[in-house]
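Undergrad: Spelled out from the first residue to the last, the chains are:
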Amino acid sequence: MNDLLEGIVKAFQLIFSGDPTVLDVTLRSLYVSGAAVLIAALWGIPIAIFLGLKDFRGKFFLRGLFTTLIGMPTVALGLILYLVFSRAGVLGFFHLLYTPTVIIIGEALLVTPIVVSFSANALAAVSSEIRDLARTLGASEDQAFIAVFREARDGVVLATISSFNRAVAELGVAQMVGGNISGFTSVLTTTIMNETAKGDIALSVALAVILLIVVGSITLTVSYFQGRRKWA
Amino acid sequence: MGLVVELRNVSKAFGGISALDSINLGVEEGEIYALLGPSGSGKTSLLKIMALLDDPTSGEVYYGGEKVTEKNVQQTRMQATMVFQKTAVFDTTVHKNIAYGLKLRGMPEDQIRKEASEALKQVGLEGFEKREAKNLSGGEQQRVALARALALKTRLVLLDEPTANLDPRNASMIEDIISSANKTSKTTFVMATHNIFQARTLPHRIALLQDGSIKETGASADVFSSLSRTLASFAAVDNTFTGDAKPSVSGTTLVDLGNGVQIEMTEAKAGKVSVFVDPKEIIISRKRFASSARNVLRGRITEVKDAGNVVKIIIDVGKPFTVQITKKSLAEMKLSLGTEVYLAFKASSVQAI
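Chains F and Z, in that order, are what the protein sequence lines are. So the first sequence is residues 1 to 232, counted in this note's numbering. So the second sequence is residues 1001 to 1353, counted in this note's numbering.
In isolation and in its complexed conformation, chain F is listed as follows:
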């Protein structure tokens, strides 16, 4: 208990004194997870549009597959990527193992099922009703699609926030393919784990507090703007 209290006090000292390690690790976490979510959204949202709005054989299976993959254990994915990107692996010639780039790729893969599954559900939920409504009011197919997407936007935004939170809070991928190289690939979660193992509880608590603040404030900010936003 003492460790925790002391840790919290010291944590705030570290945060407010602008400790370089804290700053470095936090910024890298934001960059890596942000880039991962951006990539996941870029390929995930088109897939979600396809799965949510089109009818085809095997659609049920594909949607089920993406939903199942949401629960993918991060260590398992980390291990697969390690094998793929290690020197002897299929993609070993890229020499990406233990770089921020491979963490971004790994986290993007990790959160893609969240983006796809949540967005596809949101789109499918409003799809036929809003499409018909827009068309009967005079919209072309393209304009009707925009109306559907606009109505589903809350769901798509939620998918993106959930993805970011999952990416920033995951440990398995970042540790296994990033290697927690101080000043190069260390992120919040890997540093917390390693500093705790080394006995630097204060730094770990400080980083844990920051991690909670990051996750909490992003969610709060987005919900605030969602509550205020108006349909253009």
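It is possible that part of the hints are untrue.
[Said to hold, decoys possible] Stretch-level coverage of chain Z by chain F, calculated; a stretch enters the list once three of its residues show a Cβ under 8 Å from a Cβ in chain F:
(1) 1085–1093
(2) 1101–1112
[Claimed, not checked] Quick list of in silico lysine-lysine cross-link-like pairs, DSS-like style, CA-CA up to 30 Å:
(3) F/K54 to Z/K1048
(4) Z/K1312 to Z/K1334
(5) Z/K1103 to F/K54
(6) Z/K1312 to Z/K1280
(7) F/K54 to Z/K1067
(8) Z/K1134 to F/K54
(9) Z/K1114 to Z/K1071
(10) Z/K1183 to F/K54
(11) Z/K1246 to Z/K1086
(12) F/K59 to Z/K1103
(13) Z/K1067 to Z/K1048
(14) Z/K1086 to F/K54
(15) Z/K1215 to Z/K1134
(16) Z/K1269 to Z/K1086
(17) Z/K1114 to Z/K1183
(18) Z/K1121 to Z/K1183
(19) Z/K1334 to Z/K1319
(20) Z/K1346 to F/K59
Read the hints as simulated data drawn from the structure, not as lab findings. Glycine is no exception: its CB is placed at the ideal position from the N, C-alpha and C atoms.
Using the hints, position chain Z against chain F.
TA: Showing chain Z alone in chain F's frame:
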């Protein structure tokens, strides 16, 4: 006066299951046309085809005498608009909901504002422009949907069960709006309904739809004057019974409904008959009282159903009778489940169908 829309041999199947079978109908300019039928009879499918939102599996649709083709469908769709049963409003303000279709038609901003506020006035929602549509009550949302449709000033407005989920006050308000828009702007309406009372008063003509085909069609007064058994069987009407009729000594007809229940009606009938008693025409009392009502039945309340401003009470008199009264009456008479009550209605309130 020409036909606004005409369907020729229209059939529709979903995955091999037939929803509509060789429908032929024409809607005249300026009329209110009702499609009356039970759930699943194909009303919505028919409306969606008329609204050009769905293609028929076979058959043709004509607008103003011109055949609708793949080429002109988008343009022709602008001539009609549909209001859905499950109220769909865009998740935005009331104004933007109404402005949506006007904007697509390229109307300038200031004129949109004028038209939108006029449409809101028409449905009794003046000053609602800035309200969030999703925060309104069901009845208000339905009126927004109606205003949004009327604002487009299309030749044809298609309504799918416009009052099905509404309380009587909102329902009658919607009916008034439809009727006045039809009279003042000569808007043509096609409405789907399973409400036999609505079909009796609002439309000029009706078509009875059952299992995807039209069973009867004509002026509503004519169709209802010979209220057919098909109509009664699918209109899901409370208080429809079958029984044996025979003339009574007092000159009326006595109908034995079975289970010890006999009622009198003025119409002369004999043999097997179906009869209907309007739930609004039955008086309910806790004590038997002297009146001119030829029918007085004793029973117990078995069910009380909330229907907005009014309640429907089911009373078992040997046969289940539905009586419609106001909430105030329910409270004042201290009626509850199991209460013993008397029902009274005139012999002339019993209609043979």
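Undergrad: All the hints need checking, so say for each whether the structure fits it.
TA: Hints, verified against the model:
1. 1085–1093: holds (count 6)
2. 1101–1112: holds (count 3)
3. F/K54 to Z/K1048: At roughly 20 Å apart (the allowed maximum being 30 Å), Z/K1048 and F/K54 satisfy the hint.
4. Z/K1312 to Z/K1334: 15 Å, holds
5. Z/K1103 to F/K54: 27 Å, holds
6. Z/K1312 to Z/K1280: Since the Cα atoms of Z/K1312 and Z/K1280 sit roughly 9 Å apart, the hinted pair holds (cutoff 30 Å).
7. F/K54 to Z/K1067: Roughly 29 Å between the alpha carbons, so the hint for F/K54 and Z/K1067 holds.
8. Z/K1134 to F/K54: 27 Å, holds
9. Z/K1114 to Z/K1071: Not OK: Z/K1114 and Z/K1071 at ~33 Å, beyond 30 Å, violated.
10. Z/K1183 to F/K54: 43 Å, violated
11. Z/K1246 to Z/K1086: 46 Å, violated
12. F/K59 to Z/K1103: 35 Å, violated
13. Z/K1067 to Z/K1048: OK: Z/K1067 and Z/K1048 at ~17 Å, within 30 Å.
14. Z/K1086 to F/K54: 23 Å, holds
15. Z/K1215 to Z/K1134: Violated, because 39 Å separates the two Cα atoms, which is more than 30 Å.
16. Z/K1269 to Z/K1086: 42 Å, violated
17. Z/K1114 to Z/K1183: 22 Å, holds
18. Z/K1121 to Z/K1183: 16 Å, holds
19. Z/K1334 to Z/K1319: 23 Å, holds
20. Z/K1346 to F/K59: 61 Å, violated
Hint compliance for this structure: hints 9, 10, 11, 12, 15, 16 and 20 are broken, all remaining hints hold.
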